[in-house]
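Each chain, written out:
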Amino acid sequence: MQKIGVFVCHCGTNIAATVDVKAVAEALKGEPGVVFSTDYQYMCSEAGQNLIKNSIKEYGLTGVVVCSCSPRMHEQTFRKAAQSAGINPYMVEIANIREQCSWIHKDIWSATEKAIILGKAAVAKVQLNAPLTAGESPVVKRALVIGGGIAGIQTALDIAEAGFEVDIVEKQPTIGGKMTQIDKTFPTLDCAACILTPKMVDCAQNEKIKIYSYSEVADVKGFVGNFTVKIKKKARYVDEDKCTGCGICTEKCPVKNVPNEFNMGMDNRRAIYIPFAQAVPKVATIDANYCNMLKNGKCGVCSKFCTVGAIDYKQQDTIVEEKYGAIVVATGFNPIKLDDFDEFAYSQSKDVITSLEFERLTNAAGPTSGTLLRPSDGKHPHTIVFVQCVGSRDTSGCGKTYCSKICCMYTAKHAMLTREKYPDTDVYVFYIDVRTPGKNFDEFYRRAVEEYGVHYIKGMVGKVVPRSDGTLMVQASDLLSNEQLHINADLVVLAAAIEPDKSARSLATMLTASMDTNDFFTEAHPKLRPVESPTAGIFLSGVCQGPKDIPETVSQASAAAAKVIGLLAKDKLTCNPCVAQANELMCNGCSSCEKVCPYGAITYSDKEFRMPDRTTAIRRVASVNEAVCQGCGACTVACPSGAMDLKGFSNSQIMAEVDAICK
Amino acid sequence: MQSEMIKRAKELLASGEVARVVGWKAGEFDYDITPGVFTTAEELDSAFLYNDLCEANLSKYMIAQSRKEGKTLVFLKPCDTYSFSQLLKEHRILRENVYVIGVPCDGKVDVDTVKATGLTGICSMTSDGETVTVKTLYGDSTMSKADAMSERCINCKSKKHVVYDELLGEEGDVVADNHRFDMVEKIEAMTPDERFEFWRNELSRCIRCNACRNVCPACSCEKCVFDNEQSGAFNKGASDSFEENMFHIIRAFHVAGRCTDCGECSRVCPQNIPLHLLNRKFIKDINELYGEYQAGENADERAPLNTFTTEDVEPSIVYERGGKQ
Amino acid sequence: MFTLPVSKLNDLFAAVASTRKLYLPVDDEASGHAEYKVWHEGVTLSNALNTARSAKDFFFPQTENLVDFKMEGKTIEVIDTRTESEDFVVFGVRACDARSFDILDRVFLAEPVDSYYKNRREHGVIVTLACTRPEETCFCTVFGIDPTNPAGDVSGWIAGENLYLSANTEKGEAFLSSVSKLLAESDDEAVKAQQAEVKEILKKLPLGSLDLTPFKPENLLKLFDSKRWKDLSEACLGCGSCTFVCPTCQCYDIRDFDTGHGIKRYRCWDSCMYSDFTRMAHGNPRLTQVERFRQRFMHKLVYYPSNNEGIYSCVGCGRCLAKCPISMNIAKVIKALGEEA
Amino acid sequence: MQVKETNEFKPKIVAFCCNWCSYAGADLAGTNRLQYPADVKIIRVPCSCRVNPMFILRAFQRGADGVILCGCHPGDCHYTTGNYYTRRRMTLLFSMLDYLGIEKERTRVEWVSAAEGAKFAATMNDFVATVTKLGENKRLEDLRCKAK
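Residue numbers (my numbering), protein chains in the order written: chain S, 1 to 663; chain V, 1 to 325; chain C, 1 to 341; chain A, 1 to 148.
Just chain S, with the same shape it has in the complex (with noise of 0.2 angstroms):
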């Protein structure tokens, strides 16, 4: 029988107000192992915490019941308190009286009714409570970030600042994600690629960061402080090591017709190629896909103008295994596919393009090489109508139901730089509501109005109609004068709602991380932890976890590696003890637990054993790894002789707590 102490807070009036707390402790004072019961103003405070602690050692306290706010508020801190008095922290139980209890009921009757029934639960449960200690498990000094976009690379570089080697796995040939086909920031319009490409070769220069370029995360084991991941390197038939990066490979190829994916398929590149040219790793890449002789053994030009040999056409797929601490995920996002959107016609006509298409027809690296010409014909648009929201805050089913953030002030800089640089151009802007906080955004956009006499209209773009003489009938309605709009364009802009790159979904399984419905990634705490995952070890960094724009991400990014770096700093992780147990005289080894556990924490083992009837047996039973266990009790519930219980949530707990509110 344990010796429970009762505390009833008050919260000020948060509590006391509509609970009768003196009752409460009153009537707990009957329960049995209650020895001691008693309310207090803030039992949260130091002076509460006070309380508990003198009180557990003047009664000889071994429960706790905390009557207070939730257990996600304060549990923590009641069980440092009654740890700092001598008894097990997992000793303590709180009985949620004031979200679930004070304040949502007015009557006091009820409210206090069913506040001492909390409190009963409470101390029925710690009744059978256990101290439980955790286990400790070492830190493996390296974290892995996945994907080397813009966020990725500023968590590489933060992380390996703090002096922690760092990986950076990049499903592309090279690092540098989105921001790489950026013309111009807002609301600076500095130069993206003079602000992202330094940053790129720090990357590379950086002893402390490895790269891996042209490769995909296959397989994630393992836990917080202790994951081992398969990386496979996709065979680029090309020596890394080797190759120079000078580039007479890719202007020797004989494959001319391969779609540019680096400017959005609107010009070509050979089978053979290096993204841009200031990629990281500066190396060439040879498309399988296009490469005549990987596809029937024909050519072989590449390898006769390399000078270093650095082409491998038999190279393979390797798969590199490495132990990791922390992983970091910086999937990013793409914009999406406008298949569904026909009314703007999109795939009928050339001139309607999407926003980071038009940010390739603006760069001076760029098919056009940065001069504004029509796709279709190659002669200058005079009407250009940009469309807000395609896709973004949809509800119809067709897009996304949320705001892709981003759109309004990219929108603003492409049309204030149309009309800066051309300004024989009409420029239009149809939108829904024109979102613009942040640090000079406002006054960047009211420059493109103000300054550069942009035509920002309040409406939707109902309809886009290719012509025969080549120009674009947009059809809209202006919704400040009611009025319907016929505009006659030579270039239509969509701002494409963006999503999280597609692999996210199934690294998140491999992660066990959690998902939201739109697949970007959740957060431990929308508030207060936003750069975590849920899963222990997990990080996030960049839209990955949902839309930003290039300021907000790097801040997240480092954020997260400074997240990475408080746990690489730690020598031992402490492990949540509230794991599953297997009682191995009652297991009969049926390995249904096994097929549930999320986390591949259950294991078998034939063990000998002294039977009831005095024989000796091996028996064939589980047991599960703590460190792994993340205690959910999936695997409590498949066991059918309920060999296998959860600590901190036991059967018998349960139960007890069943048994006291039903009473």
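Everything labelled a hint here was simulated from the structure, so no lab data went into it. All values derive from a computational prediction rather than experimental measurement. Idealized CB from N, CA, C, for every residue including glycine. Incorrect hints may appear among the rest.
One side of the interface only, derived from the structure: several residues of chain S facing chain C at Cβ under 7 angstroms [claimed, not checked]:
hint : residue
1    : Gly30
2    : Pro612
3    : Asp613
4    : Arg614
5    : Asp659
6    : Lys663
Restricting the straight-line Cα-Cα distance to at most 27 angstroms, the calculated cross-link-like pairs of lysine-lysine (DSSO-like) are [what the hints assert, rightly or not]:
hint : chain 1 : residue 1 : chain 2 : residue 2
7    : A       : Lys146    : S       : Lys663
8    : C       : Lys203    : V       : Lys115
9    : S       : Lys663    : A       : Lys10
10   : S       : Lys256    : S       : Lys233
11   : V       : Lys223    : S       : Lys607
12   : V       : Lys71     : C       : Lys230
13   : V       : Lys115    : C       : Lys335
14   : C       : Lys70     : S       : Lys663
15   : A       : Lys133    : S       : Lys663
16   : S       : Lys57     : C       : Lys74
17   : C       : Lys70     : A       : Lys138
18   : C       : Lys227    : V       : Lys71
19   : S       : Lys199    : S       : Lys563
20   : S       : Lys233    : S       : Lys199
21   : V       : Lys223    : S       : Lys595
22   : S       : Lys502    : S       : Lys230
23   : A       : Lys119    : S       : Lys106
24   : S       : Lys53     : C       : Lys74
25   : C       : Lys204    : V       : Lys135
26   : A       : Lys10     : S       : Lys22
27   : V       : Lys135    : C       : Lys199
28   : A       : Lys10     : C       : Lys70
29   : V       : Lys135    : C       : Lys203
30   : V       : Lys186    : A       : Lys138
31   : C       : Lys74     : S       : Lys29
32   : V       : Lys223    : S       : Lys647
33   : V       : Lys135    : C       : Lys335
34   : S       : Lys400    : A       : Lys119
35   : S       : Lys282    : S       : Lys230
36   : A       : Lys138    : S       : Lys663
37   : A       : Lys146    : C       : Lys74
38   : S       : Lys29     : C       : Lys70
39   : S       : Lys3      : C       : Lys74
40   : S       : Lys29     : A       : Lys146
Given the coordinates of chain S, assemble chains V, C and A onto it according to the supplied hints.
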């Protein structure tokens, strides 16, 4: 068939391939056959039996027998092999210590079914595969075998052996067009009040003798929750109607997705409670909600409760589906 | 001896039921069995030879509350929940079950007297009925029971169109006088004729010739050490069906049930076949199923008679023969051990 | 404390809430002062998949009139897959209870995220109303526990 089986058993014993044989032993009245272990040719000659009255499923005995020194030969009927295979899947039987001979079965004659026709004082009962001859204290009679078979054999789900080392006789097929869910459907079609009445009437007869549990090949726990004082479900007597419900619901739930529908539970119930109708409800629900699944059929397939799809139906389907209101 | 036309049985039942509860074997449609049920208008007597469950439930129910404890704060109050039993009549008990009451009495009414059992026993009147159509599983005659002349407070026979009743005890006399208006005096010719007829059938019973001579106290160790227990028990599932349908098995367990408001201390049937039977701090004294199995039959055939003037604690009702899931039973044990002895 | 005498039926409701979503959702309902009847008492479990059918039957035995289980939305389980198992287990269990003629409306599973305080309160209001309408649990009761 019986002489062939004895011949093979003797051969395997003589060659030292197996150390013992698990089969059926003759009783006093032809119908009271006991599962038995034979270790010598003499025992086999004097008591080994296989005929249309050998109802018992021998698979569960192999949990213990397979842990003995040397191999054990067991004769399994088609439906017994499903239980055996399920036990293998759950690592309960050491396969390398068992020699399985599959034996054919075209339905077993059930003494309770014969008694239900009104015959009493049955001293002898024999079947030639077509006709059953019954000798009683009060005269002799015959009936067709079909009339003497229990429901589980009439609605046989498979005459195919899913696991064996050797087969005697001809191999059969899965019986796709059985009517084993008819009674479940009938109960589902009742109103909730009728269903409650029906099951109360059945389960209130339970005397908690545990015969259903102890005979069940899926109920092979080292320690059953109902025998474990720490489990919170412990109870010994059917002290309250709640306990009767609790025991049978939880037992059915624990074997859900694992029960092969061998029907032993209903066969052995001294109170004639149709316990298989609980298991079949789960089987039917699983088939309808998660796709056809036959426990024991496939060694690699995951049990339906140990897997999921992201598109699974919501529990609220019970409100729409369920039975009649 | 008194008589009453069978056509008037309903009147007799009505008369008895007007003053106390009347139980009698009734056909149960769902199970196909006969079971004892309370008589009310419309209920008819079963023609079955016997009920699936024995009649011991009347005096020794499967579960019964012994005492309650109530906790108030930190004090415990003990509440005696015993009440005086109602009077009741059990009609249609067969000779085997009637004998089982004697066997139970020797356990429960010996010092220290089991007041729960005694309370019920004193308030129950047993009206037996002679058997006319024994089953192949019947072997009561082996234990010296005459199924044509059953004991009980009142012995009964249904012969031809009439029921015949004859009181054996004071309770029985009182019972008959309470319904005397319905009864007529009669000779015992019809009864005797029927007894002679049934005895001819009894001679044909396949288990009628079971030999109990080896089962005597001096053979205790020899029987205990028999090699046969192993193979006889090999297939035993360790369930309790034999013990729970048995009219003489009297083992029980006492348990506490926490209702949330207090404790109900109850007893329930237990079975020596169970692995946790008579478990003590060190575990079950009988480690294997062989030992548990042996215990049950040794108790029925050797230990009980040793302590009770040679009376076996089996009445040959045949229920366990019909109900054992693996068809292992006392008849097979008697034969197997007998052969050896 | 004054004692309020009332004859109106007040159901006993046990709500099992997973720690990560639904318990937080219940907290949010509290933070937003969204009212629901005091008949609902919450038991915190790490995941909805921790809830054993035995707990549900136990609640009914001990006097509960309704049992509701709340977890993260499918796909959002903190433990990735827990609620998928819950979904299968409870679907089968509820179907079995229905098969036995036990009012299926006394049991429910709802997915409530940490952000859905309003849904939590609305769900509880609706569930309490449903169970109140059904009245006292008779079909899965244990008379020993009911007698005071």
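Structure-based check of each hint:
1. The beta carbon of Gly30/S is positioned within 7 angstroms of a beta carbon in chain C (closest approach about 4 angstroms), and the interface hint is therefore held.
2. For Pro612/S, the interface hint holds, since its Cβ comes within 7 angstroms of a Cβ in chain C; the closest pair sits about 6 angstroms apart.
3. The criterion of a C-beta within 7 angstroms of any C-beta in chain C is met by Asp613/S, whose closest approach is roughly 4 angstroms, and the hint holds.
4. Because the closest C-beta pair between Arg614/S and chain C is about 6 angstroms apart, less than 7 angstroms, the hint holds.
5. Hint status for Asp659/S: holds, given a least beta-carbon distance of 5 angstroms to chain C, under 7 angstroms.
6. At its closest, the beta carbon of Lys663/S sits 4 angstroms from a beta carbon of chain C; the interface hint therefore holds under the 7 angstroms criterion.
7. With a CA separation close to 9 angstroms, the supplied pair Lys146/A and Lys663/S stays within the 27 angstroms bound.
8. Taken as a hint, the Lys203/C and Lys115/V pair is honoured in the structure, with Cα atoms around 22 angstroms apart against an allowance of 27 angstroms.
9. Straight-line distance between C-alpha atoms of Lys663/S and Lys10/A comes to about 13 angstroms, which keeps the hinted pair within the 27 angstroms bound.
10. Under the criterion of a C-alpha separation no larger than 27 angstroms, the hint pairing Lys256/S with Lys233/S is consistent with the structure, at around 26 angstroms.
11. Distance restraint check for Lys223/V and Lys607/S: the Cα-Cα separation of roughly 17 angstroms lies within the 27 angstroms cut-off, and the hinted pair is therefore satisfied.
12. Proximity of Lys71/V to Lys230/C is assessed by CA-CA distance (about 19 angstroms); at most 27 angstroms being required, the pair is judged to hold.
13. Between Lys115/V and Lys335/C the CA atoms are separated by roughly 25 angstroms; this keeps the pair inside 27 angstroms, and the hint holds.
14. Distance check on the hinted pair: Lys70/C and Lys663/S sit about 14 angstroms apart at the alpha-carbon level, within 27 angstroms; holds.
15. Proposed proximity of Lys133/A and Lys663/S is supported: the alpha carbons are some 21 angstroms apart, at most 27 angstroms.
16. With a CA separation close to 23 angstroms, the supplied pair Lys57/S and Lys74/C stays within the 27 angstroms bound.
17. A hinted pair counts as satisfied when its Cα atoms are at most 27 angstroms apart, and Lys70/C with Lys138/A qualifies at roughly 24 angstroms.
18. As the CA atoms of Lys227/C and Lys71/V are separated by approximately 23 angstroms, the hinted pair is consistent with the 27 angstroms bound.
19. Using a Cα cut-off of 27 angstroms, the hinted pair Lys199/S and Lys563/S holds, with the two alpha carbons roughly 21 angstroms apart.
20. For a cut-off of 27 angstroms, the pair hint linking Lys233/S to Lys199/S stands: about 23 angstroms separates their Cα positions.
21. For the hint linking Lys223/V to Lys595/S, the alpha-carbon distance of about 21 angstroms falls within 27 angstroms, and the restraint holds.
22. For the suggested pair Lys502/S and Lys230/S, the alpha carbons sit about 19 angstroms apart, so the restraint of at most 27 angstroms is met.
23. A threshold of 27 angstroms between alpha carbons decides the hint, and for Lys119/A with Lys106/S the separation of about 19 angstroms falls inside it, so the pair holds.
24. Only pairs whose Cα atoms come within 27 angstroms are accepted, and Lys53/S paired with Lys74/C is accepted, the gap being roughly 26 angstroms.
25. Between Lys204/C and Lys135/V the CA atoms are separated by roughly 13 angstroms; this keeps the pair inside 27 angstroms, and the hint holds.
26. In summary, the hint linking Lys10/A to Lys22/S is supported, as the alpha carbons are separated by about 25 angstroms, within the 27 angstroms threshold.
27. As the CA atoms of Lys135/V and Lys199/C are separated by approximately 20 angstroms, the hinted pair is consistent with the 27 angstroms bound.
28. Between the alpha carbons of Lys10/A and Lys70/C the distance comes to roughly 25 angstroms, so the proposed pair stays at or under 27 angstroms and holds.
29. Restraint check: the Cα-Cα separation between Lys135/V and Lys203/C comes to about 16 angstroms, which is no more than 27 angstroms; the hinted pair holds.
30. Our distance criterion of 27 angstroms between C-alpha atoms is met by Lys186/V and Lys138/A, whose separation comes to about 24 angstroms.
31. As the CA atoms of Lys74/C and Lys29/S are separated by approximately 10 angstroms, the hinted pair is consistent with the 27 angstroms bound.
32. At roughly 20 angstroms between alpha-carbon atoms, Lys223/V and Lys647/S fall within 27 angstroms of each other, so this suggested pair holds.
33. Among the hinted pairs, Lys135/V with Lys335/C is consistent with the structure: their alpha-carbon atoms are about 22 angstroms apart, no more than 27 angstroms.
34. Between Lys400/S and Lys119/A, the direct Cα distance comes to roughly 22 angstroms. Compliance with the 27 angstroms bound is thereby established for this hinted pair.
35. The suggested pairing of Lys282/S with Lys230/S holds, with an alpha-carbon distance near 24 angstroms, which does not exceed 27 angstroms.
36. At roughly 16 angstroms between alpha-carbon atoms, Lys138/A and Lys663/S fall within 27 angstroms of each other, so this suggested pair holds.
37. A distance of roughly 22 angstroms separates the Cα atoms of Lys146/A and Lys74/C; the hinted pair therefore holds under the 27 angstroms criterion.
38. About 18 angstroms separates the Cα atoms of Lys29/S and Lys70/C, which keeps this hinted pair within 27 angstroms; it holds.
39. With a C-alpha separation of about 13 angstroms, the suggested pair Lys3/S and Lys74/C falls inside the 27 angstroms cut-off, and the hint holds.
40. At roughly 24 angstroms between alpha-carbon atoms, Lys29/S and Lys146/A fall within 27 angstroms of each other, so this suggested pair holds.
Checked against the numbered hints given earlier, the structure satisfies every one of them.
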